[in-house]
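Number of protein chains: 2
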Amino acid sequence: MSGQNAVQRKIDERAMAARWQREVWDGQNSRLSELLYELSDEQLQNEVSPGRNTGVYILGHLAAVNDAMIPLLGFGERRFPFLEDAFFKNPQSADIERPSAGELRRVWADLLGVLRENFDRLSADDWFNRHTAVSEEEFADEPHRNRINVLISRTNHLSYHLGQLALLKNKGEN
Amino acid sequence: MSGQNAVQRKIDERAMAARWQREVWDGQNSRLSELLYELSDEQLQNEVSPGRNTGVYILGHLAAVNDAMIPLLGFGERRFPFLEDAFFKNPQSADIERPSAGELRRVWADLLGVLRENFDRLSADDWFNRHTAVSEEEFADEPHRNRINVLISRTNHLSYHLGQLALLKNKGEN
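Residue numbers (this note's numbering), protein chains in the order written: chain Y, 1 to 174; chain C, 1 to 174.
Misleading hints may appear alongside valid ones.
Chain copies aren't distinguished; within one or between two, either way the pair holds.
[Said to hold, decoys possible] Straight-line Cα separation of at most 20 Å, DMTMM-like style, residue types lysine to aspartate or glutamate; simulated pairs:
hint : residue 1 : residue 2
1    : K169      : E38
2    : K171      : E47
3    : K169      : E34
4    : K169      : D41
5    : K171      : E38
6    : K171      : D85
7    : K89       : E42
8    : K169      : E42
9    : K171      : D41
It should be emphasised that the hints constitute simulated quantities derived from the structure, not laboratory data.
What you are looking at is a predicted structure, and each value in this text was computed from that prediction instead of being measured.
Given these sequences and hints, build the entire structure.
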């Protein structure tokens, strides 16, 4: 194999790995979008199990995590900084003003769009490059602190809470 | 870059990608192991939300999926074929004899051990090679049908149900 071919194959492998992980992220988000389409605002306000978080709180929590991905992956400033206090730093029991289910649905869709546009612009090498919370020097020793691993982690976090949100569906539909 | 170096880098990248995905799988399994240690058999028999699956059924379902990974990834025969009827093909409501919570804990630990041993033996290239449900010919056109993508998918499936099992904990602990 020539050096040129080997370099090309490496790029292809990075591109494939990035595409596969994107597909899992997109797939889980599609499942969540379908679920949000199916659930009424009233259902979203229910607790996923007695005494546990409501659908609104969990959706807000996922939105806060998505919003924080924007600066972490180098896409700019957070779009909805209020999400962090409302759904990440404080538990559901905290006395904090929070958006309605309807507002949260719009925030959610907005953030997914921002992430999608920025993801689409990344090259395969960008995915394997460092995220903004690690310096060039640290990254040389810790190559796992890259964008693709952030996405892997956030996809599993999404899956975790998707399993809970699915409990809000009408009985006989899970 | 010489051809040799480029080939070496490709192997290293595959090895890294496989290691990273293993780490997420191991991490989510550690969270589940801690949870299982914390929950009593009585708690495991509870529904995660009223009218939904019990902890025992969900754990059995995850065990059935792990058992099915053994032949799919080329590690041999299923160890506990009864799991498929008990926790995968049939819903919780089906009138089927099922193992106790205690038996299921042992099955679970056993399967994790089998998977761990086999995972440890795989080379980076093995992870990117086809799984047993795809032919050599199909794989040439569909390179995503490999072991690493099975693991990515199963890790997210585990995360999904881990989010539900966490609801079995005593209140004030999630």
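To see whether the hints hold, each was checked on the structure:
In this assembly of identical chains, K169 and E38 lie within 20 Å of each other by CA distance solely inside one copy; the values are 8 Å within and 28 Å between copies. Both within a single protomer and between protomers do K171 and E47 lie at most 20 Å apart by alpha-carbon distance, with minima of 14 Å and 13 Å respectively. Taking the closest pair of Cα atoms, K169 and E34 come within 20 Å of each other only inside a single copy of the chain (11 Å); across copies the shortest separation is 28 Å, beyond that limit. Within a single copy, K169 and D41 get their C-alpha atoms as close as 12 Å, which meets the 20 Å cut-off; across copies the closest is 27 Å, which misses it.
Taking identical chains as interchangeable, the C-alpha atoms of K171 and E38 lie at most 20 Å apart only when both belong to the same chain, with a minimum of 13 Å there against 28 Å between chains. Neither within a single protomer nor between protomers do K171 and D85 lie at most 20 Å apart by alpha-carbon distance, with minima of 33 Å and 22 Å respectively. In this assembly of identical chains, K89 and E42 lie within 20 Å of each other by CA distance neither inside one copy nor across copies; the values are 25 Å within and 33 Å between. Proximity of K169 to E42 under the C-alpha cut-off of 20 Å is restricted to the intra-copy arrangement: shortest distance 11 Å within a copy versus 26 Å between copies.
Proximity of K171 to D41 under the C-alpha cut-off of 20 Å is restricted to the intra-copy arrangement: shortest distance 17 Å within a copy versus 25 Å between copies.
Checked against the numbered hints given earlier, the structure breaks hints 6 and 7 and satisfies all the rest.
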